[in-house]
Amino acid sequence: MQELSMNILDIAENSVAANATLVQITLNGQTAQKLLTLTIQDNGKGMSQELVQRVTDPFCTSRTTRKVGLGLPFLKMAAQLTGGDMYIQSTVGVGTCVTATFTLGHIDLMPLGDVAGTVTTLIQCNPQVDFIYTLTVNSQSFCTDTRQLREILGDVPLSTPQVALFIKEYIEENSAELYTGLLNI
Amino acid sequence: MKSLQELAAIRDKMKQTVNTRDTAHDGIRVVVGMATCGIAAGARPVLNAFTEEVARRDLHHVLVTQTGCIGICQYEPVVEIYDRDGTKTTYVKMTPDKVAKVVGDHIVGGTPVTEYTIGSTTK
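Chains as they are written, first to last, in my numbering: chain A, 1 to 185; chain B, 1001 to 1123.
Just so you know, these hints were derived from the structure itself, not from any lab. Hints should not be assumed to be uniformly reliable.
To be verified - Pairwise CB distance ranges (calculated):
(1) B/Lys1013 - A/Gln89: 41 to 47 Å
(2) B/Leu1059 - A/Pro111: 30 to 36 Å
(3) A/Glu177 - B/Ile1072: 37 to 43 Å
(4) A/Val92 - B/Met1001: 40 to 46 Å
(5) A/Leu81 - B/Gly1104: 39 to 45 Å
To be verified - Below are the EDC-like pairs computed for lysine to aspartate or glutamate, each with C-alpha atoms no more than 20 Å apart in a straight line:
(6) B/Lys1013 - A/Glu169
(7) B/Lys1013 - A/Asp155
(8) B/Lys1002 - A/Glu172
As the list claims (entries may be wrong) - Computed far set for chain A versus chain B, every beta-carbon distance over 12 Å:
(9) Tyr87
(10) Val94
(11) Asn138
Every residue, glycine too, gets a C-beta built ideally from N, C-alpha and C.
Work out the full structure: start from the sequences and follow the hints.
Right, here's the structure in full:
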């Protein structure tokens, strides 16, 4: 993966595959502590403790087309390369929360990349799922919640390309200033 | 800066033109492989480019969506286009640059772009 936003998309797709109806993606950057925390929390089917132990093994996967599953190992590697780490908390029937920490300003920290593109792709391709994306940098936040978007849209689906394009530009424009703050370390 | 008021305007416009929910499935489907293999190869910018091109041309009855691993990871990003009659065309090693031509020639014009398809790659 060339950007963290791609890891975010990949891990959030796991939540969708686990039949989640609500997926919360949060990115929290605290420049004074040089800490970036990513959490992807869902209310999907969850995993047994035994499976939680195995999922970061590249040879553990739920897919049937290949014997390897690289999503979580890639995220763990990306976090550890910066001196951070990745944790998984999961309860069967309740959901899963993946947390990854990164050191801001670390030479091996991948660029965040197009997070707006990631969030839009998730919303557009999984109109049956609600997503909440929250970006926090120091004390400032921006949040998008599909439940609010649905209220405005009424019968018009979130998968409509014209709607998806708006969502992408809306997130991009409203998070641009926060991203700049993230780079000022 | 964009605000949610603009979304209400888009909703009203979409409602006027067609009832999108009823017709989306009768239209053309653009399906992008979005498993780890596809994502790592650059599937998301391809999906975003299809969405943008379809929206900018103001096309209706076109659904841009995703699927999991199609099983031909070496050809990712893979895009399958299902025409109204159910015919499937598989485009391989797609890039955002190729999207405008596929939308123009195939989705609007009805003629698949043969040079980007899996058939011409494996020859």
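Right, here's what the structure says about each hint:
| no. | hint | result |
| --- | --- | --- |
| 1 | B/Lys1013 - A/Gln89: 41 to 47 Å | holds (43 Å) |
| 2 | B/Leu1059 - A/Pro111: 30 to 36 Å | holds (32 Å) |
| 3 | A/Glu177 - B/Ile1072: 37 to 43 Å | holds (41 Å) |
| 4 | A/Val92 - B/Met1001: 40 to 46 Å | holds (43 Å) |
| 5 | A/Leu81 - B/Gly1104: 39 to 45 Å | holds (42 Å) |
| 6 | B/Lys1013 - A/Glu169 | holds (18 Å) |
| 7 | B/Lys1013 - A/Asp155 | holds (12 Å) |
| 8 | B/Lys1002 - A/Glu172 | holds (9 Å) |
| 9 | Tyr87 | holds (20 Å) |
| 10 | Val94 | holds (24 Å) |
| 11 | Asn138 | holds (20 Å) |
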